[in-house]
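There are 2 protein chains.
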Amino acid sequence: MKDTTTVYQHGTLAMLVVGLFEGTLPVSELVKHGDMGIGTANDFDGEVVIVDGTVYQVVESGQVNVLGPSDTVPFASVNYYEPQVKEAVQNINSTQVQTKIEEDHQLGNYFAAITMRGTFKHMHTRVVPKQSKPYPMLSEAIKVQPEFTRDNVSGTIVGYYAPYLFQGATVGGFHLHFINDDHDFGGHILDFEIDQAQLEVQELENLLQHLPVTDKNFRSANLNLANMNEEIESAEH
Amino acid sequence: MKDTTTVYQHGTLAMLVVGLFEGTLPVSELVKHGDMGIGTANDFDGEVVIVDGTVYQVVESGQVNVLGPSDTVPFASVNYYEPQVKEAVQNINSTQVQTKIEEDHQLGNYFAAITMRGTFKHMHTRVVPKQSKPYPMLSEAIKVQPEFTRDNVSGTIVGYYAPYLFQGATVGGFHLHFINDDHDFGGHILDFEIDQAQLEVQELENLLQHLPVTDKNFRSANLNLANMNEEIESAEH
Numbered sequence: 001m002k003d004t005t006t007v008y009q010h011g012t013l014a015m016l017v018v019g020l021f022e023g024t025l026p027v028s029e030l031v032k033h034g035d036m037g038i039g040t041a042n043d044f045d046g047e048v049v050i051v052d053g054t055v056y057q058v059v060e061s062g063q064v065n066v067l068g069p070s071d072t073v074p075f076a077s078v079n080y081y082e083p084q085v086k087e088a089v090q091n092i093n094s095t096q097v098q099t100k101i102e103e104d105h106q107l108g109n110y111f112a113a114i115t116m117r118g119t120f121k122h123m124h125t126r127v128v129p130k131q132s133k134p135y136p137m138l139s140e141a142i143k144v145q146p147e148f149t150r151d152n153v154s155g156t157i158v159g160y161y162a163p164y165l166f167q168g169a170t171v172g173g174f175h176l177h178f179i180n181d182d183h184d185f186g187g188h189i190l191d192f193e194i195d196q197a198q199l200e201v202q203e204l205e206n207l208l209q210h211l212p213v214t215d216k217n218f219r220s221a222n223l224n225l226a227n228m229n230e231e232i233e234s235a236e237h
Numbered sequence: 001m002k003d004t005t006t007v008y009q010h011g012t013l014a015m016l017v018v019g020l021f022e023g024t025l026p027v028s029e030l031v032k033h034g035d036m037g038i039g040t041a042n043d044f045d046g047e048v049v050i051v052d053g054t055v056y057q058v059v060e061s062g063q064v065n066v067l068g069p070s071d072t073v074p075f076a077s078v079n080y081y082e083p084q085v086k087e088a089v090q091n092i093n094s095t096q097v098q099t100k101i102e103e104d105h106q107l108g109n110y111f112a113a114i115t116m117r118g119t120f121k122h123m124h125t126r127v128v129p130k131q132s133k134p135y136p137m138l139s140e141a142i143k144v145q146p147e148f149t150r151d152n153v154s155g156t157i158v159g160y161y162a163p164y165l166f167q168g169a170t171v172g173g174f175h176l177h178f179i180n181d182d183h184d185f186g187g188h189i190l191d192f193e194i195d196q197a198q199l200e201v202q203e204l205e206n207l208l209q210h211l212p213v214t215d216k217n218f219r220s221a222n223l224n225l226a227n228m229n230e231e232i233e234s235a236e237h
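For the record, the sequence lines run as chains H and R.
The numbers in UniProt numbering rise by one with no breaks, and the one at position 18 of the first sequence is 18.
The numbers in UniProt numbering rise by one with no breaks, and the one at position 36 of the second sequence is 36.
Any given hint could be a false lead.
Said to hold, decoys possible - Straight line, CA to CA, 25 Å or less: simulated BS3-like cross-link-like pairs of lysine-lysine:
| # | chain 1 | residue 1 | chain 2 | residue 2 |
| --- | --- | --- | --- | --- |
| 1 | R | Lys100 | H | Lys216 |
| 2 | R | Lys133 | R | Lys216 |
| 3 | H | Lys32 | R | Lys2 |
If you're looking for bench data, these hints aren't it; they were derived computationally from the structure.
No experiment lies behind these values; they were computed from the predicted model shown.
Extracted from the complex, chain H is given alone in its bound form (with noise of 0.2 Å):
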């Protein structure tokens, strides 16, 4: 049976931040946990997004891709999707909606699954460009990120909102990936306006987070940085 009280995370953010950017875990792994999800893939090539079980991959050109089973990626989360709340929403932006989960949901403290289906007046994505070895840091990764806008545009924002208290595990609060209904544009949300969308909210009781604890890299890896709040924060906001 699904278990739709979970979002399973492969990998930490942490891990970004200190460079380890080599898919650990394959996607046939990964889709056994969720249907819906984000992450990115192997090399930090680029935003991926999960729906309906097909995992989308937006490169820095803007391209999108869809990813095989035998791909890797080095950090992701995934859940089965099963909303208790769905509602349509209307002109309203980003920061609108995201007060409005927040106060309907009482969120802080617990883990909750994000989707809004529709139509966009305004989707602005960056994506992060593919990086090769020796991997840098994250800061010097995501010096140059590739911004994209859209106007109009039907899509779906996929993603997810975490406690602080596991930030660092993950981004703390709001986290969202955009994929558009034609297949041709997406990636991290910066910022979006909706026309018009179902917004489906899906509480969580519980974080499955899985390391590569076989992985040379990651074993060895300094994950304890004192600036770690500030990197993440610099990064992913």
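Assemble chain R onto chain H, guided by the hints.
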């Protein structure tokens, strides 16, 4: 089939820091996720040690009780024990054996379950005192904590190593409890000296973090204290 790759944790250390001491999970549920572990009981009433499926509670008088299925816990970690490494250790103190485990297993970035069964030249524990409502903050609750020592005692150390990245969710580094074979002495370990013991270590690739999402007090608590790390360091070490 029992999952031997995961440490299951109910609640977080941060919840204790802000005084969420009420039990939010029955023991009957907790023991579905493991047969060994540590925690505390409803009302922050003592130190819990789970050995071979029995849930012992060491209370502030020093007395040891056994918790029943309907007793509840606010915070506990358990796993199904299947150590990959078993070895005899002797004439080694707590600092030395922890350094040995850290080096032998390259601890730092992943979770591990640890037991040491045998005879101890010296064992020094403390036990958190039961609290009543309205609960104080952790720093107030543990201002006076009974300490206990015993020489030449046989028993079992049970506990975990957790990456410091998860400090706040849990205790970063080693967190060890003790129960003696006669079941009349134990607690949260401050220091010890091994005469001879079997050391067993189980590397774990998953943390399953469970949160009491339906608990009103949990949902409304402010768990984002600026001084969370300081509170934890002063409380747990």
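Hints not upheld, ascending by number: Nothing - there is no hint that the structure violates, so all of them hold.
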